[in-house]
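Protein chains: 2
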Amino acid sequence: MILDWKKIALDIYNELKDKVKKSDKKITFWAILIWNNPASVRYIKQKKKWADYIGINFVLKRLDENITEIELLKIVDDFNNSEKITGFMIQLPLPKHIDKNKVIEKINSLKDVDWFHPINQWKILIWDKSWFTPCTPAWIMEFFKKENINFVWKQVTVIGRSNIVWKPITNLLINAWATVINCNSKTPNIKKFTLSSHIIIIAAGVPWLLTPDMITHDSIIIDVWFTIINSKIYWDADTKNIDLMGAKITPVPGGVWALTVAMLMKNTLKSWGII
Amino acid sequence: MILDWKKIALDIYNELKDKVKKSDKKITFWAILIWNNPASVRYIKQKKKWADYIGINFVLKRLDENITEIELLKIVDDFNNSEKITGFMIQLPLPKHIDKNKVIEKINSLKDVDWFHPINQWKILIWDKSWFTPCTPAWIMEFFKKENINFVWKQVTVIGRSNIVWKPITNLLINAWATVINCNSKTPNIKKFTLSSHIIIIAAGVPWLLTPDMITHDSIIIDVWFTIINSKIYWDADTKNIDLMGAKITPVPGGVWALTVAMLMKNTLKSWGII
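Quick note, the sequences are listed as chains C and H, same order. Counting from 66, one number per residue, gives the positions in the first sequence under my numbering. Counting from 66, one number per residue, gives the positions in the second sequence under my numbering.
Note that these hints are calculated values from the structure, not bench results. Take these hints with a grain of salt, some might be off.
[Said to hold, decoys possible] Here are the simulated EDC-like pairs of lysine to aspartate or glutamate, each with C-alpha atoms no more than 20 Å apart in a straight line:
| hint | chain 1 | residue 1 | chain 2 | residue 2 |
| --- | --- | --- | --- | --- |
| 1 | C | 167 | H | 170 |
| 2 | C | 171 | H | 170 |
| 3 | C | 335 | C | 207 |
Please construct the entire structure, taking both the sequences and the accompanying hints into account.
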């Protein structure tokens, strides 16, 4: 069964839209876009689309891709110091001549709606809920909340070692009292773990690593990652056959990542104090 | 078999002693101690003992326990700005009227030899080895290195959810390509995981949670935590019987934590640029 992930996203957008309507603030979302690579432009367009939908202002500052690191840091500082800017994001990746970590560390953590600043990542470690939510993994938790899943006694297998996904996910799950098994592409006999797990989150970047024989009919599979081979996209799970055998699985393409932007908008409303 | 953990610690101290001897710098270790609770005083004495052993200066700044938060933050700032101080630590816990996180976030992360600052915790997440090492979990990794354990294909079960231990440990292990199973005190049938694991790290605070029937003769058990009931100390593992059945286990008391101070001294030498 393919999970109706778009409906979950839409529910969240509608909740946010409602909160914006009830607020008397003129809410603005600020983004910085440094170059023109098609993926970045597409992501920014997505963000504008949903900002429009929930009824908030979208302001984009475009910068030339030859901008120096010093100039960019100066702009980040201006954004940090501006009283009218409550939160902003910089579309990644950055051009190669700029040190990404330097830029991320420069952002005022209280304005870091995209959740990349070390202080914010740390807040997840110490489980401080007052803070911004990590956009990427938060939607997974949001989904589980909507499905009324209680993690006590639940076994979750997380496959993959990517920095943005597994680390915060594992932290969030353990904080929710789940038993979490972290596998990677070198783990022998992953099937041993997946067969006994209630939930499987896969972000390994290995085409069709997860197949129907590795799961049960009751499994819930969250497929986060994909690989491109000869212009064709392969997701980590064999979605079609897993769907046929009856387990619940996220839709691809356009699946799980749909919620990332929703979380970004949620953080933006947080930065405005209306959530 | 009880692991000779003290020998491992001594080996590290001797390596550090050697480095100090070869250096022409007059190395100093700075610590701040705020009150007189017996545990804190004992920990500080331990640190002085080993600083003496490796041949570095130990400077302790003692503060009255009625110090205000503002006064303490001012002192931290002085330490941050002092050119002669390359690294320093504040003995935890702090008195209740002081916000611990505020103080920790105030420490210059480049001088945070005790590894508590968010930036340093984050460096572990992104696996930046150039940085200070987290004192508490680093000794576990140091031990595995000395035992020549390669984590690829290895299954490690970590029991417990404490912030200082499992999170950095899990991160360090996954970065080393281990398959890591995170259990907690609510996990049903922990035995299922421990029986098939090469290594078990336990920090749950549940007396004798790990018993000989839950492991194999080849297991390596690292017991990190204990509980005090009616003035008697109970460790998480049934050390005596696990030793009798032949598996390798850390010594208690005075076991694993012996290496924490060694890691602190190592970070201190790092802050002086002689490692």
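Consistency of the hints with the structure:
1. 167(C) to 170(H): Holds, at about 18 Å.
2. 171(C) to 170(H): holds, 15 Å
3. 335(C) to 207(C): holds, 16 Å
Checked against the numbered hints above, the structure violates none of them.
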